[in-house]
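Protein chains: 2
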Amino acid sequence: MNAAPMFRKVALIGFGLIGGSIARGAKALGLAGEIVTTARSAETRARVRELGIVDGVVESNAEAADGADLVILCIPVGACGDVAQEIAPHLKHGAIVSDVGSVKGAVVKAMAPHLPEDIHFVPAHPVAGTENSGPDSGFAELFINRWCILTPPEGTNAEATEKLAAFWRALGANVEIMTPEHHDLVLAVTSHLPHLIAYTIVSTAEELEGVTQSEVLKFSAGGFRDFTRIAASDPTMWRDVFLTNKDAVLEMLGEFQEDLSKLTRAIRRGDGDALFDHFTRTRAIRRGIVQIGQDEAAPDFGRRHKQLGKAPE
Amino acid sequence: MNAAPMFRKVALIGFGLIGGSIARGAKALGLAGEIVTTARSAETRARVRELGIVDGVVESNAEAADGADLVILCIPVGACGDVAQEIAPHLKHGAIVSDVGSVKGAVVKAMAPHLPEDIHFVPAHPVAGTENSGPDSGFAELFINRWCILTPPEGTNAEATEKLAAFWRALGANVEIMTPEHHDLVLAVTSHLPHLIAYTIVSTAEELEGVTQSEVLKFSAGGFRDFTRIAASDPTMWRDVFLTNKDAVLEMLGEFQEDLSKLTRAIRRGDGDALFDHFTRTRAIRRGIVQIGQDEAAPDFGRRHKQLGKAPE
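Protein chains in written order, with the numbering used here: chain A, 36 to 348; chain B, 36 to 348.
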């Protein structure tokens, strides 16, 4: 616990996987004097009250933002503009306003025009998550050793940016700063394209003639199950990502299609050498990711196995 | 430990992830009176001797198969025909010959013509694995609660099939029987297509202009890292899979391309409802896989997280 909290009042607008994880982490570490939250649905607000993690659950975004030193929008990208407009008149002079959206260019465009000049707007994207969503899905350790990307617009107060960076570092994240445009290109390949491909292949497997759904599920350990995890992510969030990062996603999709054509041609022609070379090169990337601690070194993501000779539970 | 082993002598030809896991499991459970193995390279044979798991490491496939009651080829699909020819003259009357290949039609075609009529040929495919390979990568628990598919040709002795099924069940697997053709279609979607897509996207990310390799690695927790695991699988094994299950893979690829075109069109047109509907449907598949115990119920495959407030290791 810190002697003096980093922020007197933190407002979290939205309490899903990310909002709920920030709340749990900030509470555990004493990063805020007070954490106030709200959520769009009465059901979620009721559940957050039951959970008893935050200091206050209020009915409106305006009420949450009122007097807060740090306001973080933890909501789908498509909703950020409206919420910025709604909270703008209630923001405290000198407050930091941030978000956690997976697309940054569109968020900056939607939010910036509404925010008064006397507040500090520092958009953020913690590159972390699980396939779960909702108020119960968050956990304090979610951001540990993950990257949080900040995309402060030109001219943003450096002290405010550093203060938000310190908050994320305290939650366990590494912080990197880049432009919204570069963020959207990088994330198009490391996150948006993989989700799109996963969503596609899962539906392909769902609608096949000649292979039953039961077979798809039973034999999914051959590789398919890995894709189903990210294809179980929050539909609203991902709809908004693809609507708002359209250009970068379509560009990456074009690259992917070219590469897929090359591999398809090698298969059709029976070009074993080309396939072998390709499959050898991709191994190195995995090693790199494990080496920098961005994934499990244990095989199979460290999935657990039961003991031999015991009946399955 | 069983009082009487299921097989007096088991020969494992090849000692990679699958061969090594069978050896470890069978040894732990006492399923074989004696386990003899061999491997193509002298280096692997030396390592298997060092490991001290099996009862004998011999120099040739013929020597391994000699007098064995069960011979399992644990080698890439493309090598099975030649090895069948090599061991055929040395097989014991009434022996069971099997394999563990990920493609069954091509294996049956390549092996069956070489095998004498007095042996029982029961091809098998344990749908289990990790991204690791080599003699050190196996473990006894690999097959627990996974499926092992047997594809006995018409007219195969039912007792021999059941004996091999019992062996796999003892190792923890569930056994299903189907035709080689149906196996190859089912696995094309649950395993081969996912691997092809993963191999593709990993190379796409490797060769981008405008995004550095370091950025791809750092921000891989956004989804990309999930794909790198299966794209780190054994290149020889996967080359052979795509060469020998070409037709079914190309068919599935065609279906995938159609579905990807649909999603791409929805993105291009900004059709949020189509995206949302699609992303909602795919969630159900994940739930089904978790419900039947084919993947972790824990979020994020149960990947571990460090404790908050401690410096990363």
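Treat the hints loosely; a few may be bogus.
All copies of an identical chain are treated as equivalent in the list; a pair is satisfied when it fits inside any one copy or across any two copies.
Said to hold, decoys possible - The calculated SDA-like cross-link candidates involving lysine to any residue, where the alpha carbons are at most 25 Å apart (straight line), are: (1) K127 to E176; (2) K297 to G245; (3) K198 to I88; (4) K281 to I154; (5) K281 to Q248; (6) K62 to R322; (7) K297 to E286.
Simulated from the structure, these hints should not be mistaken for laboratory data.
Now for the hints, and whether the structure bears them out:
no., hint, verdict
1, K127 to E176, "neither (30 Å within a copy, 58 Å between copies)"
2, K297 to G245, "between (27 Å within a copy, 22 Å between copies)"
3, K198 to I88, "within (23 Å within a copy, 57 Å between copies)"
4, K281 to I154, "neither (30 Å within a copy, 60 Å between copies)"
5, K281 to Q248, "between (32 Å within a copy, 23 Å between copies)"
6, K62 to R322, "neither (35 Å within a copy, 31 Å between copies)"
7, K297 to E286, "both (17 Å within a copy, 16 Å between copies)"
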